[in-house]
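Protein chains in written order, with the working numbering: chain S, 138 to 315; chain U, 138 to 315.
Take the hints with a grain of salt, since some may be wrong.
Short, incomplete list of chain S residues facing chain U, as computed with Cβ under 7 Å [to be verified]: (1) 176; (2) 177; (3) 262; (4) 268; (5) 269; (6) 306; (7) 307; (8) 309.
Lysine-lysine pairs mimicking DSS-like chemistry, simulated, CA-CA at most 25 Å apart [what the hints assert, rightly or not]: (9) 298(S) <-> 291(U); (10) 291(S) <-> 202(U); (11) 288(U) <-> 298(S); (12) 147(S) <-> 288(U); (13) 202(U) <-> 270(U); (14) 288(S) <-> 313(U); (15) 309(S) <-> 270(U); (16) 315(S) <-> 288(U); (17) 315(S) <-> 313(U); (18) 298(U) <-> 218(S); (19) 218(U) <-> 315(S); (20) 202(U) <-> 298(S); (21) 280(U) <-> 291(S); (22) 298(S) <-> 280(U); (23) 270(U) <-> 270(S).
A partial selection of chain U residues facing chain S, derived with a Cβ cut-off under 10 Å [claimed, not checked]: (24) 229; (25) 233; (26) 237.
These are computed hints drawn from the structure, not numbers from a lab. The structure displayed is predicted, hence computed values, not measured ones. We treat Cβ as the ideally placed atom computed from N, Cα and C, and that holds for glycine.
Number of protein chains: 2
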Amino acid sequence: MAKRSYPLAKVYGLLEPGPVVLLTTAGKTRPNVMTLSWLTMVEFEPPLVACVVSNRDYSFELLRKSGECAINIPTAELAQKVVSIGNHTGRNMDKFQSLGLTQKPASLVGAPLIAECYASLECRVYDTRMVAKYGLFILEVVKAWVDTAVKDPKTLHHRGKGAFMVAGETIKLRSKMK
Amino acid sequence: MAKRSYPLAKVYGLLEPGPVVLLTTAGKTRPNVMTLSWLTMVEFEPPLVACVVSNRDYSFELLRKSGECAINIPTAELAQKVVSIGNHTGRNMDKFQSLGLTQKPASLVGAPLIAECYASLECRVYDTRMVAKYGLFILEVVKAWVDTAVKDPKTLHHRGKGAFMVAGETIKLRSKMK
């Protein structure tokens, strides 16, 4: 995917529809990637995102220690890899290598970006007050990359137990909403 | 919609795909309804949901004062109403009456359920620690109602400025994920 720098003010439009994302983190020996559906926008600009990562996940430790991650948004052709990522732990496996995902260096954080995803958001941990109780991290998106040639991305939306709704048509209504 | 009681353990499957929802609250003179896209699951069971309501919204006061709300999930045929709800404030308008939405009494909370929505979740405010800084409420879903005849709901997913992705087909992959 030929991703370009994307305005931070427009990041909410990528996450508001509720796609499954792939969260990447840097590690001492190798980076990791996890599948995540529990996230929401919290502020438009600078864009803040709340995401929930269980303390049973290997990514939890990496996110806490590094204070950085990237949110990568996959489309439907990556569905099988999205499930495989969610079904394996990175504790004893290099998921990038075994699943054939291409790492690209980020510009501002240590976590890698996933080349095969149409959008990648570089994030820094912004607020950890809700981490102990809920695993809820507030992240600040500090840099965004999008392949703007992808007009209506066929994002994946998890309905549970491996069932995903695939993004359908986009309709446009007159609205004053942001 | 003929909604029936729905297991709390399955609520995450309704919200994980990221639909736009209609948040209802009770008020002294009349209830209110707002359009909301900023929410995520936080815990499976009891189901906890984080949602962001701006302190500029009339619903913010009602949610804070009552400590209760309902999350109603609309489908595509309600798109115009969803936009109208988002474009008006309930401070000086009865949105239910002017938009022709039917209120149904909830079983455990004072906020009304919207009959035209295929799913409604009765919620109590569970944690307000992030309200002052982010408008982020943690809600506990205490009762769920779903029209289970609606198999693949054509939910709306906001892309910004009145553009909505409408839920497309559902694909099923073998997965150990919940």
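To see whether the hints hold, each was checked on the structure:
1. For residue 176(S), the interface hint holds, the least distance from its beta-carbon to any beta-carbon of chain U being 6 Å, beneath 7 Å.
2. About 4 Å separates the beta-carbon of residue 177(S) from the nearest beta-carbon of chain U, less than 7 Å, and the hint is met.
3. The closest approach between the C-beta of residue 262(S) and any C-beta of chain U is roughly 15 Å, which is over the 7 Å cut-off, so the hint fails.
4. A hinted interface residue such as residue 268(S) counts as satisfied when its beta carbon comes closer than 7 Å to some beta carbon of chain U; here the least separation is about 12 Å, so the hint is violated.
5. For residue 269(S), the suggested interface contact is broken, since its CB lies about 12 Å from the closest CB of chain U, more than 7 Å.
6. Proximity of residue 306(S) to chain U holds as hinted, the smallest CB-CB distance being about 5 Å (cut-off 7 Å).
7. Interface hint status for residue 307(S): upheld, as the beta-carbon distance to the closest one in chain U is roughly 5 Å, under 7 Å.
8. The criterion of a C-beta within 7 Å of any C-beta in chain U is met by residue 309(S), whose closest approach is roughly 5 Å, and the hint holds.
9. Only pairs whose Cα atoms come within 25 Å are accepted, and residue 298(S) paired with residue 291(U) is accepted, the gap being roughly 19 Å.
10. Note on residue 291(S) and residue 202(U): the hinted pairing is violated, with a Cα-Cα distance of about 40 Å set against a maximum of 25 Å.
11. The hinted pair formed by residue 288(U) and residue 298(S) meets the criterion: a straight-line CA distance of about 16 Å does not exceed 25 Å.
12. Restraint check: the Cα-Cα separation between residue 147(S) and residue 288(U) comes to about 33 Å, which exceeds 25 Å; the hinted pair is violated.
13. With a C-alpha separation of about 17 Å, the suggested pair residue 202(U) and residue 270(U) falls inside the 25 Å cut-off, and the hint holds.
14. The suggested pairing of residue 288(S) with residue 313(U) is violated, with an alpha-carbon distance near 32 Å, which exceeds 25 Å.
15. Proximity of residue 309(S) to residue 270(U) is assessed by CA-CA distance (about 32 Å); at most 25 Å being required, the pair is judged violated.
16. The hinted pair formed by residue 315(S) and residue 288(U) fails the criterion: a straight-line CA distance of about 31 Å is larger than 25 Å.
17. Taking the CA atoms of residue 315(S) and residue 313(U), the gap is about 37 Å. The hint is violated against a cut of 25 Å.
18. As the CA atoms of residue 298(U) and residue 218(S) are separated by approximately 32 Å, the hinted pair breaks the 25 Å bound.
19. Of the supplied pair hints, the one linking residue 218(U) and residue 315(S) holds, its CA atoms being roughly 16 Å apart against a limit of 25 Å.
20. Of the supplied pair hints, the one linking residue 202(U) and residue 298(S) is violated, its CA atoms being roughly 37 Å apart against a limit of 25 Å.
21. The hinted pair formed by residue 280(U) and residue 291(S) fails the criterion: a straight-line CA distance of about 32 Å is larger than 25 Å.
22. Between residue 298(S) and residue 280(U) the CA atoms are separated by roughly 22 Å; this keeps the pair inside 25 Å, and the hint holds.
23. For the given pair, residue 270(U) sits about 18 Å from residue 270(S) by alpha-carbon distance, which is consistent with the 25 Å threshold.
24. About 16 Å separates the beta-carbon of residue 229(U) from the nearest beta-carbon of chain S, more than 10 Å, and the hint is not met.
25. Taking 10 Å as the C-beta cut-off, the interface hint given for residue 233(U) is violated, the closest approach to chain S being about 19 Å.
26. A distance limit of 10 Å between C-beta atoms decides the matter here; for residue 237(U) the minimum to chain S is near 17 Å, and the interface restraint is violated.
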